[in-house]
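Participant: Using the sequences plus the hints, can you model the full thing?
From first to last, the protein sequence lines stand for chains A and B.
For what it's worth, the working numbering labels the leading residue of the first sequence as 1, then goes sequentially.
For what it's worth, the working numbering labels the leading residue of the second sequence as 1, then goes sequentially.
Honestly, the hints are just simulated from the structure, not real lab data.
Mixed in with the good hints, there may be bad ones.
[Claimed, not checked] Across the chosen pairs, the derived CB separations fall in these ranges:
1) Lys413(A) - Val114(B): 42 to 52 angstroms
2) Leu163(B) - Pro118(A): 51 to 61 angstroms
3) Asn187(A) - Thr244(B): 42 to 52 angstroms
4) Ala334(A) - Phe264(B): 48 to 58 angstroms
5) Val119(B) - Ala65(A): 28 to 38 angstroms
6) Gly139(B) - Pro207(A): 49 to 59 angstroms
[To be verified] Here are a few chain B residues that sit away from chain A, every Cβ distance over 12 angstroms (derived from the structure):
7) Ser89
8) Tyr164
9) Ser258
10) Leu276
Quantities reported herein were computed from a predicted structural model and do not represent experimental measurements.
We treat Cβ as the ideally placed atom computed from N, Cα and C, and that holds for glycine.
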Amino acid sequence: MNFTRRKVLGAAGAAALASAVPGKKVFAQTGPVKIGMSMPQTGSLGAGGQAALVALRMWVEDINAKGGLLNRQVELIAYDDQTNPANTPGIYTKLLDVDKVDLLIAPYGTVPTAPIMPLVKQRGLLLMGNFSFQVNAKVQHDMWFNNSPWNDASSWSDGFFEAGKKAGAKTVAVLAADNDFAQNLANGARELAKKANITSVYDQNYPPTTTDFSSLIRGIRAAKPEIVFVMSYPNDSVAIVRAVNEIGVGSQVQLFGGGMVGLQFTPIMSSLGSLLNGITNYNSYVPGMKYPGIEDFLQRYAKKAAEAKVDPLGFYLPPFNYAIGQILEQAVNAVKSLDQKKLAAWLHGNEVKTVVGAIRWDKNGEWAKARVVQAQFRGIVDKDVEQFRQPGKQVVIYPSDYQTGQAITPFEKARGGK
Amino acid sequence: MAFSFDLLTEALLFGVLLGCFYAAVSIGLSVSFGLLDVPNVAHPAIMVLGSYATYVVASYGLDPIVAGVLLMPVFFVLGILIYRFYYESFEKRGTEAGVRGLAFFFGIAFIIEVGLILVFGVDQRTVAARYIGSSLALGDYRIPYRMLVAFGVALVLTFSLTLYLSKTFTGRAIKAVAQDEAALRLMGVNPVRIKQWAFGIATGVSALAGAMLIIVGPVEPAVDRVYIGRTFCVVVLAGLGSMTGTLGAGLILGISESIVLMFFGASWAPAVAFGLLLVVLGIRPQGLFGR
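Facilitator: Here is the structure:
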């Protein structure tokens, strides 16, 4: 071969140009496969976030015991975002530019996830969603795959409204936290109410600094709604349930609950105890639902959770976080690469098997078939954590595939229902 | 929400209860920041520490309020130690060091928050008592007993502190140190000791306020952030150092928040509270009840 100076310079120039093209990320080919994320480990979502991390670390242990991904060990790098959305863009920039991670998982929750969506879209990165709601609806990033069992705004609340309609409800009160998650959910609820000819008689957003909900619950009672749809974060949910017990919402109310985050967490369920009775609320998994591998997972999780002093039951987030690992494992093994575009293409075209059942995604990266459970608390007694492991303490009223009973209405009757 | 006199009465009633709660959680700060000029931004964190201490003591079967009262001397000593450290390291060195003292109290707040996370985790903690979770029925009105407890504690704290500051020698010395430290020194009183004592009282009161916090609602280590704005707002609105003023400012804040929340929307409540503060400071920079 004849190497002239012009050819050598030309080849060097082309190589330099190619390496400078943005969006082409060069990933480490040796050493561990690094998976990076931020997780709320303190703040209002901290309790859930810590439990979710236990599950993800279980998957890392399991995959490393099997030889890792692409014959490389897996390392999970997780930083605490303090449930503060202002922290997440900085954390993900560090994960990408300093830690040089190979794969990304989103933090638990809508509010901390929303600010990183432009970043991952701009850089063309695969992002595994983690129980966030509608964060990709406007961004439309085609490399986003959520682990949560909902898709559009109404999928979260249609079970609640269907049960409300069955109970003959004609009016609704909507109480929502003033943040992205709750507002998206509230919009879905408002649409469903409109479609079902259910008139809104009370519609309030409350700021995250609200300390006492007595006045708001009194306002709801005065409006005399027949169903009350609440979208709240954990601390608020506890205060709302207590205020309902003290003030009451009126005997005409058929269903109460819907989108209250926190009533899925064991410490909160145990502390509220019998005050939960009658509330119909969303969930991701309740005992009695059968998925291959879930019982084995929950048994192993219980031991790890006791060591880590986190949610001892772990029904809500942990199985779905373990599923994130399983999803990545199946995709990487199928394409035999960490190439983000290939992984995304494979996930768009294939179904994956996880401890929370088979998952297939729609074009927005949300579940093609939503599976949000609406369950009614029944026969709950005070100070007994173990009761929540029994089927029947949360009766599934929706979806029909997993239904274990009908909603007891009105709410006052359900509160005394055993 | 459509207007009705029933709702207005109820909004006023809840406003009074909420206002007393705000006053009770702010009164310690009224002493430390209002009277002593110590930028105690760790006040809500110390209060949350009081909530967790109450949680531990109450787990032995004691009533949370009794637990809070028993914890007051312990927190009093803690306050003396904190002030002594602050004085030796910052206040003694002049104004610029005082600004660094602000960072010191931020540091204390973070240490408390992280310490609580390490010991108790991030889960919410609650206490049980007969007056938590039930309400007093007055016709169509239902008043949560836990808020009535907050109301009572706020009144007792306010009037005890007012009496102490006006009727005892040490109390008058505390008020004097706030007005003219040099004059107090000329009269043979050591102002540092007086300030140390007063800071101890402020911190001791925070233990009882913390007990009330966990009675009113569940607490988690980061809940202090919710109260930092409100407590400073109440103290500044009252006029620095006025105990009855703190109660008055708490009531104004509570009632305005409650009415706005009931009739105009909850999202407006914080804006109204801080808007009120801005207006008052514009008209009366010394606060509503300050001299």
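Participant: Does each hint hold? Answer for all of them.
Facilitator: We went through each hint and held it up to the structure:
no., hint, result
1, Lys413(A) - Val114(B): 42 to 52 angstroms, "46 angstroms, holds"
2, Leu163(B) - Pro118(A): 51 to 61 angstroms, "59 angstroms, holds"
3, Asn187(A) - Thr244(B): 42 to 52 angstroms, "47 angstroms, holds"
4, Ala334(A) - Phe264(B): 48 to 58 angstroms, "56 angstroms, holds"
5, Val119(B) - Ala65(A): 28 to 38 angstroms, "33 angstroms, holds"
6, Gly139(B) - Pro207(A): 49 to 59 angstroms, "31 angstroms, violated"
7, Ser89, "28 angstroms, holds"
8, Tyr164, "28 angstroms, holds"
9, Ser258, "5 angstroms, violated"
10, Leu276, "15 angstroms, holds"
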